[in-house]
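Student: The residues making up each chain are set out below.
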Amino acid sequence: MRRRSPPPTGLSRFLAQVDRRLRLGRALRVLSWAALLPAVTLLALMLFWRPGAAALAAGAAAAAVVLAALLAAGRRDLSRAASAADRQARLHDLLKTSLEVGEKVPDSPWRPLLERRAELAVQSTSAAGVVSIRPPRLPLAMAALLVGAALLVALLPDAPQDALASAQLSDARALPGGLLDASESDELAATKRAEGADEQVVAEELEGTPVEPNTTVRGESSMEASEPSSREERDSRESRARHGSTAARAKSELSASETAATLREEHRSQGADERDGSGPERAGDERSDMDQRDGDGESTDRAKEGEEGAAGGSPSRREIAEQVVAFDLPSPAESQRKRGNSAESALQVAAGGRRESDLGEARDDADGAGAASAGLGTAPQESDQTPLGEASEIAVTLEEVLLAARDDADATERRTRPSRQAEARRDVPPRGNASAFDAGSSELERPALHVPYPLGAHALVREFFTPEPEETSSRRSTGEISG
Amino acid sequence: MIAEPERGVAALRDAVARVRAEVGRVIVGNEDILDGLLTCLLVDGHALLEGIPGLGKTRLVQTLASALHLDFSRIQFTPDLMPADIVGTDVVQEDAAGHRSLTFRPGPLFSHVVLADEINRATPKTQSALLEAMQEKTVSVGRTTYPLEDPFLVLATQNPLEMEGTFPLPEAQLDRFLLKLRVRYPSAEELHEILRRTTEGTEAKVTSVLDRQGILELRRLVRSLPVAHAVRDYAVRLVLATHPDRPGAPSSVLRYVRYGASPRGAQGMLLAAKVRALCDDRPNVSAEDLREVAKPALRHRVLLGFEGEAEGVDTDSILDDVIAAVPLP
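Protein chains in written order, with this note's numbering: chain A, 1 to 483; chain B, 1 to 329.
These aren't lab readings, by the way, just hints derived from the structure by calculation.
Here the structure is a predicted model, which is why all the values come from computation and not from measurement.
By construction, the Cβ of each residue, glycine as well, lies at the ideal position given by its N, Cα and C atoms.
It is possible that some hints are incorrect.
Which residues of chain B face chain A? A few of them, derived with a C-beta cut under 8 Å, are [unchecked claim]:
| # | residue |
| --- | --- |
| 1 | Asn159 |
| 2 | Glu193 |
| 3 | Pro226 |
| 4 | Ala287 |
| 5 | Glu292 |
Here are a few chain A residues that sit away from chain B, every Cβ distance over 10 Å (derived from the structure) [to be verified]:
| # | residue |
| --- | --- |
| 6 | Arg13 |
| 7 | Leu94 |
| 8 | Val101 |
| 9 | Ala190 |
| 10 | Leu403 |
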């Protein structure tokens with residue numbers, strides 16, 4: 001029998017050292033990967049706290065860099081770590097086996113070979129060389145990058161927020177009364193400037209509010225020029241700007257109503273002038289204008305509008321139409337009715353106690369084709385109570401009203417026309433169990449169109465089979481459900 | 001050889017190298033499959049080769065048998081094959097004196113290396129006739145049990161595609177195989193070499209380089225190799241991690257697996273790891289060896305549940321999850 005000899009102390013000491021370093025290395029690996037979690041949390045908190053475009057961009061850039069680093073270095077790092085782990089595990093297993101065989105099966109024929117191999121392994125390397133306790137660099141680098149991104153987000157200036165707020169403000173200014181978009185506002189401002197109006201007047205036209213001196217209209221206002229000192233201040237400024245735009249809108253509507261009243265007054269006074277004696281000339285001018293209208297159509301109208309606007313500064317027909325639209329947006333049926341009624345009422349006004357023949361002429365005027373006849377002599381006789389100027393005024397007013405009514409109808413139709421999506425949705429047949437109840441009951445079909453299938457079906461079934469609370473209570477009270 | 005493990009390890013490595021070289025004269029590629037077959041030969045196990053037709057499964061087994069100085073028989077499994085056709089039967093024999101007696105006529109199973117070609121084409125009855133032979137290395141005919149001579153190695157092939165007219169192997173049968181090896185399609189270079197060898201000139205002849213006695217000695221050497229407790233514990237944890245009712249099982253196991261690997265799987269894994277360590281000139285089994293042999297040793301022992309079957313989950317992917325989930329010793 002072979003004498004049982006203790007295992008070499010150097011080997012066991014080495015194994016203990018390897019064990020210790022292995023445990024330490026594993027703990028460091030876990031810790032380094034765990035460091036990613038607070039870094040990601042910190043970045044997410046920063047992005048939540050400063051949800052600006054630049055902050056989001058910084059976060060996205062950090063995420064992209066992290067991803068790129070993972071893709072680039074991850075595979076190499078992982079394969080290197082895997083091979084190192086295999087090497088360490090192999091050495092560890094050799095030492096363990098050698099020690100175990102030495103302790104438990106000392107007579108094993110494998111013991112000399114195992115001990116010799118283990119000693120060779122110990123001699124050829126050291127525990128520090130084989131078992132690395134250096135934590136992996138990749139997760140630490142990623143964590144540092146994420147923390148850096150979070151700090152960047154925290155230290156970013158507030159410019160993006162101000163730019164956003166100023167964009168909102170300029171948009172709000174560019175839409176006085178909700179009627180004009182930005183391009184139209186610019187167009188209006190250019191027209192006013194071409195008319196020679198100063199910037200303050202232009203700004204008033206655009207916003208409906210007087211502008212403080214030393215401030216520009218579309219550029220940086222005094223409110224935006226100063227840096228907001230805090231988030232609350234920024235919010236309050238935005239709120240004030242919103243209130244300002246609402247006030248401007250109200251003011252704009254008020255000025256529009258005033259303009260419309262002025263226009264009506266102007267028309268009335270023009271008619272009075274014509275009645276006073278300047279009628280025939282005026283009627284001749286109007287007749288030629290109307291001839292032009294008949295021949296050239298809408299483009300001529302627009303050219304005329306421009307001329308009128310540039311010459312007198314009085315509100316153009318388009319502005320009137322816009323104001324009419326702003327005041328009253330009737331439904332399509334109402335618009336249709338209004339269109340007919342307005343023509344009829346215009347005719348009634350034009351008749352004004354006249355004869356039937358005059359009424360027919362006025363109707364011709366309303367149709368546009370007979371507008372010229374009013375000035376060519378087919379019309380009113382000397383004995384007629386209605387002067388020629390009044391007839392032309394009636395014709396002009398009638399056409400104004402018709403045009404305004406047409407614009408009303410178009411605007412209303414545009415506003416009330418369903419979108420393509422809505423039309424497509426309307427074409428989709430009801431889903432789920434709604435088809436079982438589609439005998440004309442739109443109350444049942446409607447939820448099935450917008451609720452996903454199972455939920456919609458569930459809701460329908462529940463609605464169908466759940467007794468009404470009043471019914472249940474009444475039954476209980478009457479004793480129908482006794483047990 | 002046991003007395004001198006160092007020489008035994010060298011002899012094993014030399015024998016394996018010679019067999020590899022000899023088989024390599026005919027077979028191109030498939031080194032891992034050949035290593036698996038040699039592992040089964042050295043640890044007294046059986047191998048199931050799975051692959052589409054034409055990949056050289058039968059050819060590989062025939063060539064290996066030629067490189068070993070052993071008896072070889074081939075059984076082509078068909079639906080009408082009967083158990084008596086493979087285990088043998090008693091026949092009436094008349095001697096010179098006119099006396100008639102029943103004499104056992106051994107079937108093709110009485111060989112050292114048995115190639116069970118397309119094993120899943122035989123009926124379960126015939127397949128079951130192999131169970132006793134594979135596990136106990138005996139054949140019972142009537143009231144007589146006949147021992148099979150060592151080494152007894154069943155190398156079966158099956159085609160995973162043509163499932164019509166086949167009888168999938170029952171779990172008990174599958175569990176008898178030490179390794180399930182998947183024969184892969186050759187690469188372009190390997191295909192070039194195959195074409196060159198098989199379409200030009202004459203085929204190489206294989207000579208026997210390892211005899212029966214040498215195989216048995218190597219088997220004893222492999223079994224004597226010590227394994228550290230930590231490594232054995234790793235094997236146990238790997239096998240237990242394939243069980244869905246065990247705590248710590250990966251999510252894929254919990255979701256897709258109905259039954260995990262059997263203790264026979266742990267035995268096969270440890271034995272195969274021993275062969276791998278010795279072929280790598282190491283007198284100790286490492287956890288790395290167990291990881292390498294885990295898939296061929298366990299993939300046919302993990303039984304998928306309904307969800308796994310329905311979704312066509314591969315057991316290899318589940319075993320990958322298991323290997324990743326079980327920490328090293």
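Student: What hint numbers does the structure not satisfy?
Tutor: Violated hints: 1, 2, 5, 7, 8; rest satisfied.
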